[in-house]
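With the sequences and hints as input, model every part of the structure.
Top to bottom, those sequences are chains A and B.
Mapping of the first sequence onto the numbering used here: position 22 corresponds to residue 160, and the numbering continues sequentially without gaps.
Mapping of the second sequence onto the numbering used here: position 85 corresponds to residue 87, and the numbering continues sequentially without gaps.
Some hints could be false.
To be verified - SDA-like mimics (lysine to any residue), calculated; alpha carbons at most 20 angstroms apart, straight line:
{"hint": "1", "chain 1": "A", "residue 1": "Lys141", "chain 2": "B", "residue 2": "Ile62"}
{"hint": "2", "chain 1": "A", "residue 1": "Lys179", "chain 2": "B", "residue 2": "Val14"}
{"hint": "3", "chain 1": "B", "residue 1": "Lys59", "chain 2": "A", "residue 2": "Thr211"}
{"hint": "4", "chain 1": "A", "residue 1": "Lys141", "chain 2": "A", "residue 2": "Thr211"}
{"hint": "5", "chain 1": "B", "residue 1": "Lys44", "chain 2": "A", "residue 2": "Lys194"}
{"hint": "6", "chain 1": "B", "residue 1": "Lys44", "chain 2": "A", "residue 2": "Thr242"}
{"hint": "7", "chain 1": "A", "residue 1": "Lys141", "chain 2": "B", "residue 2": "Glu46"}
{"hint": "8", "chain 1": "B", "residue 1": "Lys85", "chain 2": "B", "residue 2": "Glu3"}
{"hint": "9", "chain 1": "A", "residue 1": "Lys179", "chain 2": "B", "residue 2": "Leu41"}
{"hint": "10", "chain 1": "A", "residue 1": "Lys179", "chain 2": "B", "residue 2": "Glu46"}
{"hint": "11", "chain 1": "A", "residue 1": "Lys194", "chain 2": "B", "residue 2": "Glu105"}
{"hint": "12", "chain 1": "B", "residue 1": "Lys44", "chain 2": "A", "residue 2": "Pro146"}
{"hint": "13", "chain 1": "A", "residue 1": "Lys179", "chain 2": "B", "residue 2": "Glu3"}
Claimed, not checked - Stretch-level coverage of chain A by chain B, calculated; a stretch enters the list once three of its residues show a Cβ under 8 angstroms from a Cβ in chain B:
{"hint": "14", "region": "174-181"}
{"hint": "15", "region": "232-238"}
Since the hints were made in silico from the structure, they are not lab data.
Idealized CB from N, CA, C, for every residue including glycine.
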Amino acid sequence: ELKVEQNPLFLSMQEGKNYTIYCNYSTTSDRLYWYRQDPGKSLESLFVLLSNGAVKQEGRLMASLDTKARLSTLHITAAVHDLSATYFCAVTYGGATNKLIFGTGTLLAVQP
Amino acid sequence: EPEVTQTPSHQVTQMGQEVILRCVPISNHLYFYWYRQILGQKVEFLVSFYNNEISEKSEIFDDQFSVERPDGSNFTLKIRSTKLEDSAMYFCASRAGTSSYNEQFFGPGTRLTVL
Chain A
139 ELKVEQNPLF LSMQEGKNYT IYCNYSTTSD RLYWYRQDPG KSLESLFVLL
189 SNGAVKQEGR LMASLDTKAR LSTLHITAAV HDLSATYFCA VTYGGATNKL
239 IFGTGTLLAV QP
Chain B
3 EPEVTQTPSH QVTQMGQEVI LRCVPISNHL YFYWYRQILG QKVEFLVSFY
53 NNEISEKSEI FDDQFSVERP DGSNFTLKIR STKLEDSAMY FCASRAGTSS
103 YNEQFFGPGT RLTVL
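As structure tokens, this is what we get:
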């Protein structure tokens, strides 16, 4: 069964600093997603990564995918307080149903 | 922009009661999903639905759960006899389905509290 693991589970960082969240998954998958979730809210899609070597950037966030290593990274550049949230990676699994298997989540707290 | 909607936003019920959570997927989407998230934990797949039948379900989705698409627009999740451990956020999602690369779009969620 597909397992998705993220680390770290909790990340406290200062504004202006850089950091990376890692997402490992155990078996081959079509796609990898990164979502942001604010407390009590729904899942906001940030990135969809489709192929090996894919890199996408939006503002201070950049996501990459290495399908051979089954690893995705979410890099945060010069963090600001507004980025404080929980970040989940998720991979599709299961042929036609394409259900999403989510990682454990990383709670990011950016301190001023 | 089309979006997935869910009602109610918060449901409080007594243990043993039946609840129905409602979702309106994006029009012309073909695949529908329910996920749940227990407070502070990750999001877990419950069930997928296509062509008016369940296409896949997780081991969480036991006999107390059922899904239905009663008309052309609504997609419901019924929990027959709620337990304390059913307290969670329930998310509905839909996907166009014309390609395996179609993205799932999530609704805002229903917070279910079982007392």
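Practice item. With a cut-off of 20 angstroms on the C-alpha distance, tell me whether B/Lys44 and A/Pro146 pass. Key: holds, 14 angstroms
**Study point:** Coverage criterion applied to the region 232-238 of chain A (partner chain B; beta-carbon cut 8 angstroms; 3 residues)
**Key:** It holds, with 6 qualifying residues against the three required.
**Study point:** Agreement of B/Lys59 and A/Thr211 with the hint, judged by alpha carbon distance not exceeding 20 angstroms
**Key:** Since the Cα atoms of B/Lys59 and A/Thr211 sit roughly 29 angstroms apart, the hinted pair is violated (cutoff 20 angstroms).
Exercise for review: For the pair we were handed, A/Lys141 and A/Thr211, check the Cα-Cα distance against 20 angstroms.
Suggested key: holds, 16 angstroms
Point to revise | Pair hint outcome, B/Lys44 versus A/Lys194 [Cα-Cα no greater than 20 angstroms] | key: Roughly 24 angstroms separates the two Cα atoms, so the pair is violated.
Review point. According to a criterion of three or more residues whose C-beta lies within less than 8 angstroms of a C-beta of chain B, is the region 174-181 of chain A covered?
Key: With 4 residues in contact (Cβ-Cβ under 8 angstroms with chain B), the coverage given for the region 174-181 of chain A holds.
**Study point:** Pair hint outcome, A/Lys141 versus B/Glu46 [Cα-Cα no greater than 20 angstroms]
**Key:** holds, 12 angstroms
Exercise for review: Compare the distance between the alpha carbons of A/Lys141 and B/Ile62 with 20 angstroms, and conclude whether the hinted pair is satisfied.
Suggested key: holds, 16 angstroms
**Study point:** Hint consistency between B/Lys85 and B/Glu3 [alpha-carbon to alpha-carbon, up to 20 angstroms]
**Key:** It is violated: about 37 angstroms lies between the C-alpha atoms, which goes past 20 angstroms.
**Study point:** Given pair status - A/Thr242, B/Lys44, alpha carbons within 20 angstroms
**Key:** holds, 5 angstroms
Check your understanding: Does the alpha-carbon distance linking A/Lys194 and B/Glu105 stay inside the 20 angstroms limit?
Key -> With Cα atoms ~16 angstroms apart, A/Lys194 and B/Glu105 stay inside 20 angstroms; holds.
Check your understanding: Given the hint that A/Lys179 pairs with B/Leu41, does the C-alpha gap stay at or below 20 angstroms?
Key -> holds, 12 angstroms
Hints 3, 5 and 8 from the earlier list are contradicted by this structure; the remaining hints agree with it.
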